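**Q** By my numbering, the letter at position 103 of the sequence shown is numbered 104, and the numbering carries on one by one without gaps.
No wet-lab data here; the hints were simulated from the structure. As the structure is a computational prediction, the values presented were derived from the model and not from experiment. Misleading hints may appear alongside valid ones.
Below, simulated BS3-like cross-link-like pairs (lysine-lysine); rule was C-alpha separation at most 27 Å, straight line [said to hold, decoys possible]:
hint : residue 1 : residue 2
1    : 25        : 155
2    : 24        : 135
3    : 155       : 24
4    : 25        : 127
5    : 84        : 24
6    : 24        : 123
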Amino acid sequence: MELMEETFNIVSETERLVIKPLKKADYNNWLHEFESRYPSQHRHDQGKMDMSDCTLEWFHRLVDKHQELALQDIAYVFGVFRKDDGKHLGMVDFSTLARDDFQWGRVGYSIHNQYWRNGYGKESVKEALNIAFKYLNFHRIEAHINIANQPSSKLAESVGMEYECTRKGFIYEFGQWTDNLVYFKNSNECC
């Protein structure tokens, strides 16, 4: 069953960006920017990827899956678009870790490497945190960052997230269980 695309439709703007769920009409823009990525700049940057499996039909299923995850309060995926020309710059997402007495989520973020060093990451994550607290009703948002990923740690700090701890062997990546830094922000510390 195909979902109604407008079900999850939170849109927020900053001075330079529009942050919104992907729509099926975003396919060409989305694909072009993934295909325009530079080769990997460091271990934590996927860089240029093989996009041959990412057909229009595949993308439509992806958009439907994002909608389904949002409806189930599992995850919320937002595209980051430049306001002046509409280019797809990257993604910000939230995963629900616990609700009830916690209202706890995790943030992930990625800006295409051809757009790095323009402040888009900071601007998009800062606004996305506003969305998480104001519209998605989270109280606490965490970022789980590989200890070697200094650019991501710097970004988390730049949006006011606070280092809490290092979780040992926390996430399986690069073929092993890796240590991750945990940064957090609570809703009463935001906006």
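**Q** Find the hints from earlier in the document that the structure breaks and name them by number, from lowest to highest.
**A** Numbers 1, 3, in rising order.
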